[in-house]
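Let chain V serve as the given structure and place chain P with the ligands on it in line with the hints.
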Amino acid sequence: MQTYTPPLRDMKFVLTELHDFSRLTTLDAFSEVDADLAETVLEEGGKFTSEVLLPLNVPGDREGCRLENGVVTTPKGFRDAYRQFCEGGWSALSAPPEFGGQGLPETIGMMLSEMICATNLSFGLYPGLTGGAMVALRKYGSDELKALYLPKMISGEWSGSMCLTEAHCGTDLGLLRTKAVPQEDGTYRLSGAKIFISAGEHDLSENIIHLVLARLPDAPAGIKGISLFLVPKFLLRADGTPGERNGVLCTGIEHKMGIKASATCQLAFDDAKGWLVGAPHKGMQAMFAMMNAERLGVGIQGLGIAEVSYQSAVAYAKERLQGRSLAGAKYPALPADPIVVHPDVRRMLMTMRVNAEGCRALGAWVAMTLDVAEHAADERQRRDAEDFVALMTPVVKALFTDLGFESANLAVQTYGGHGYIADHGVEQFVRDSRIAMIYEGTNGIQALDLVGRKLPPHMGRNLRGLFHPIAAFIAENKENPLLGEMVTGLERAFGALQLATGQIAERGMKDPEEAGAAATDYLRLIGLVSLAYLWARTVAVAVPKSFAAGPDQAFYGAKIASARFFYDRVLPESASLYLKIKAGKASMMALADDAF
Amino acid sequence: MKVLVPVKRVIDFNIKPRVKADGTGVETAGVKMSMNPFDEIAVEEAVRLKEKGIATEVVAVSVGVQQAQDTLRTAMAMGADRAILVLTDVAVEPLAVAKILKALVAKENPDLMLLGKQAIDDDMNATGQMLAGLLGWGQGTFASKIEIADGKATVTREIDGGLETLTLALPAIVTADLRLNEPRYASLPNIMKARKKPLETIAPADLGVDVTPRLTIVSVAEPPARQQGIKVESAADLVARLRNEAKVI
Ligand SMILES: Cc1cc2nc3c(=O)[nH]c(=O)nc-3n(C[C@H](O)[C@H](O)[C@H](O)COP(=O)(O)OP(=O)(O)OC[C@H]3O[C@@H](n4cnc5c(N)ncnc54)[C@H](O)[C@@H]3O)c2cc1C
Ligand SMILES: Cc1cc2nc3c(=O)[nH]c(=O)nc-3n(C[C@H](O)[C@H](O)[C@H](O)COP(=O)(O)OP(=O)(O)OC[C@H]3O[C@@H](n4cnc5c(N)ncnc54)[C@H](O)[C@@H]3O)c2cc1C
Numbered sequence: 001m002q003t004y005t006p007p008l009r010d011m012k013f014v015l016t017e018l019h020d021f022s023r024l025t026t027l028d029a030f031s032e033v034d035a036d037l038a039e040t041v042l043e044e045g046g047k048f049t050s051e052v053l054l055p056l057n058v059p060g061d062r063e064g065c066r067l068e069n070g071v072v073t074t075p076k077g078f079r080d081a082y083r084q085f086c087e088g089g090w091s092a093l094s095a096p097p098e099f100g101g102q103g104l105p106e107t108i109g110m111m112l113s114e115m116i117c118a119t120n121l122s123f124g125l126y127p128g129l130t131g132g133a134m135v136a137l138r139k140y141g142s143d144e145l146k147a148l149y150l151p152k153m154i155s156g157e158w159s160g161s162m163c164l165t166e167a168h169c170g171t172d173l174g175l176l177r178t179k180a181v182p183q184e185d186g187t188y189r190l191s192g193a194k195i196f197i198s199a200g201e202h203d204l205s206e207n208i209i210h211l212v213l214a215r216l217p218d219a220p221a222g223i224k225g226i227s228l229f230l231v232p233k234f235l236l237r238a239d240g241t242p243g244e245r246n247g248v249l250c251t252g253i254e255h256k257m258g259i260k261a262s263a264t265c266q267l268a269f270d271d272a273k274g275w276l277v278g279a280p281h282k283g284m285q286a287m288f289a290m291m292n293a294e295r296l297g298v299g300i301q302g303l304g305i306a307e308v309s310y311q312s313a314v315a316y317a318k319e320r321l322q323g324r325s326l327a328g329a330k331y332p333a334l335p336a337d338p339i340v341v342h343p344d345v346r347r348m349l350m351t352m353r354v355n356a357e358g359c360r361a362l363g364a365w366v367a368m369t370l371d372v373a374e375h376a377a378d379e380r381q382r383r384d385a386e387d388f389v390a391l392m393t394p395v396v397k398a399l400f401t402d403l404g405f406e407s408a409n410l411a412v413q414t415y416g417g418h419g420y421i422a423d424h425g426v427e428q429f430v431r432d433s434r435i436a437m438i439y440e441g442t443n444g445i446q447a448l449d450l451v452g453r454k455l456p457p458h459m460g461r462n463l464r465g466l467f468h469p470i471a472a473f474i475a476e477n478k479e480n481p482l483l484g485e486m487v488t489g490l491e492r493a494f495g496a497l498q499l500a501t502g503q504i505a506e507r508g509m510k511d512p513e514e515a516g517a518a519a520t521d522y523l524r525l526i527g528l529v530s531l532a533y534l535w536a537r538t539v540a541v542a543v544p545k546s547f548a549a550g551p552d553q554a555f556y557g558a559k560i561a562s563a564r565f566f567y568d569r570v571l572p573e574s575a576s577l578y579l580k581i582k583a584g585k586a587s588m589m590a591l592a593d594d595a596f
Numbered sequence: 001m002k003v004l005v006p007v008k009r010v011i012d013f014n015i016k017p018r019v020k021a022d023g024t025g026v027e028t029a030g031v032k033m034s035m036n037p038f039d040e041i042a043v044e045e046a047v048r049l050k051e052k053g054i055a056t057e058v059v060a061v062s063v064g065v066q067q068a069q070d071t072l073r074t075a076m077a078m079g080a081d082r083a084i085l086v087l088t089d090v091a092v093e094p095l096a097v098a099k100i101l102k103a104l105v106a107k108e109n110p111d112l113m114l115l116g117k118q119a120i121d122d123d124m125n126a127t128g129q130m131l132a133g134l135l136g137w138g139q140g141t142f143a144s145k146i147e148i149a150d151g152k153a154t155v156t157r158e159i160d161g162g163l164e165t166l167t168l169a170l171p172a173i174v175t176a177d178l179r180l181n182e183p184r185y186a187s188l189p190n191i192m193k194a195r196k197k198p199l200e201t202i203a204p205a206d207l208g209v210d211v212t213p214r215l216t217i218v219s220v221a222e223p224p225a226r227q228q229g230i231k232v233e234s235a236a237d238l239v240a241r242l243r244n245e246a247k248v249i
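The listed protein sequences derive, respectively, from chains V and P. According to full-length UniProt numbering, the first sequence is numbered sequentially starting from 1. According to full-length UniProt numbering, the second sequence is numbered sequentially starting from 1.
So that you can see chain V by itself, here it is in the shape it has in the complex:
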């Protein structure tokens, strides 16, 4: 059964014990925020997600979305849940106060997102896309557009979509064909067909604000000729309320593997009226602002699924009686032992556990740094924070979604045959989480972004925010008896990462295919080392606290055991990744195309 209790204790640990929450509370923007508020907000958010969104997850998957005469109907209960979500102010959580947002840190917003994605990934896409669209509008929209659209998008009354993909272009947006023709009144008319547009049409909000990539008549060919436009589903009347229907029509919705309650739409733009966002031909810049925010958000989808998969698997493993413990019956009164006693089941549960907790710790680190990047008064501090976020965005996106899918798969395995059939709801996690590895730039593209765009600038300056603290931690803790062998393990994996980085820099410079061949393994390696660093720090925090009696003792004890499992059973993968990277491209590229 889909089982979920919001992981509030771990969130609190990550925010205030592992990381330094005062990094946020010392920023002017968050002078009214404290750990208590964060806890209260997450607790209420946890109630909403587990009590309102989770019960809609299975029925939403079964029912899916329907398209009739251009109108998309979401599954039963979604409209009401969305209304409650907006009335509760959740859509406004981290939005800027000058447009009616609550102005809370993105860090808290991401933890709320984690709970939304855990309980109902499909639902999460609707506010998620609005969030991405708002980022582009905030950063690149004119003041007039912002004033007209942002407040209603923040309140959730209007939602957003991001229209990039066309049938012949997904990854390579330079090929896109949608046209925008300038009008005398300064607006544009857009024509073309988009596909795979999440939340492109639905019945949750009273207007949909599409952010559309298109080409101006005088555009240079390729990626440098793309501009971004705002195209509302309903044009606004003079008083700012939605009026006449614009020329955007939903011509189809996809039948797909998962996230069935999220409408994935084909949209036809037929002389649709639009407004330019940002400068002409500079659409990709704005698009990246939107995509970077979204990529972190998609990473968090992986984390959410990892958590709910873990919890659902644990619940079953404690109930399912099958076989006897290899160490002799542990529950002799029962006809068989619960499968939680078996080492192989433990392997699965522990892997899922460290996936979720590790990603939560890393996600919070990146999110806090994102808040610093946005709000720090000091320019240098902002720049350093931006560098780190730039580096870690593809890592969070690809690593978290890979691990989320792995966890979903392990949950099915833990359920055995009962996981494969629909009744228990865990196969849905596999289907739902699968898309997160594909959209917002496939994980392969994330890896290329990491090695191609994030490593090279300024002689690898982006790496500093990660490598310096790890190196310092190793130097400071070499003799730390609390950590024991862990520091050695970290040092070894970090050494492999440094060597791999050097090799990619060197070989990749001469032959970009070498960098391409290493990219996916390199991303996983940097991800594992980041997690290893955070697990070691977790132990340094948890050990002294684990001596005090009380229920928290079990919490810290479990943290330490989980860290050990990560070092024993997950981190060794870094050695194999290093060997794969070292092998280079030769065997990968040996076959001629037509030999396949």
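All clues given are correct.
Simulated restraints on C-beta separations:
id, chain 1, residue 1, chain 2, residue 2, range
1, V, A327, P, G23, 26 to 34 Å
2, P, G23, V, L579, 55 to 63 Å
3, V, F555, P, S234, 49 to 57 Å
4, V, F555, P, R226, 25 to 33 Å
5, P, G23, V, S576, 46 to 54 Å
6, P, P198, V, E17, 25 to 33 Å
Source of the hints: derived by calculation from the structure; they are not laboratory data. Here the structure is a predicted model, which is why all the values come from computation and not from measurement. We put the beta carbon where it would ideally sit given N, CA and C, even for glycine.
Structure of chain P with the ligands alone, referenced to chain V:
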């Protein structure tokens, strides 16, 4: 009309309570604590009365440790206007709570006391009744519906045989049952606002109440583990076992 709503901080209803190793009580240190669900219903009802224009002020009260502030903030996030914490580390018994509430009634002059019918930690189901006794007010316990008009409260009560409707002259005591309403989720803006609402802290001594427990807890133990059931062969077998083994017939 002023409504006073006492709220208690208890172990969250999702948590399985554990007896302390030394058998002196239930472990609460580090355990997730929340507002007693029946009190949540009482707060919701009070806030609804305010939204309907019947109540003018809703005051939440808690008797307990410093962290009960969180519970009061929750009540204010749901819509209570202000809060009073009667601060004590003693595990107060219902009679002491009732006495404290009586003293607060003298100070605050509410027209209605809306309580939860019982707290889910000890399930005493006593505070409201004791308070009614101390104040000499009418009481409508286990309420599933409340209507206020013309200085009277009409209360539908859940009783063993079905429903009973009472009319109480105000001021009165009403205790909330499960079906009275479904409490709202606190909205984000209201959570933020609640942090700025007034929260006054006073000591039981300021109210002239002695909270020293009158009961002595001898020991607290887990209920015995349930024996595994068996399938009986036939009706005759069942009767025989009930007679000879269980000795109930
Ligand atoms: C359910 C769903 C929702 C979506 N929502 C949206 C949305 O809201 N808005 C939107 O605009 N789009 C959306 N998309 C589209 C999604 O972003 C694209 O599917 C994705 O970017 C991949 O593009 P593609 O499908 O054309 O695959 P392709 O680009 O054809 O890629 C196929 C494979 O080739 C690899 N590949 C391609 N180019 C390279 C390269 N240069 N180097 C190495 N490998 C390469 C890819 O990694 C992939 O494995 C959605 C898709 C789905 C399925
Ligand atoms: C589509 C489908 C078709 C099927 N077809 C047939 C069929 O034709 N005929 C038929 O008889 N059956 C069939 N089955 C049943 C299938 O063989 C079982 O589901 C499978 O053997 C697993 O058993 P289980 O589902 O009870 O899982 P469980 O035995 O409950 O296992 C749950 C988890 O616990 C682990 N586990 C259990 N015991 C131990 C142990 N001692 N040590 C370590 N780990 C342990 C398992 O590895 C698994 O991860 C089918 C099932 C499905 C879903």
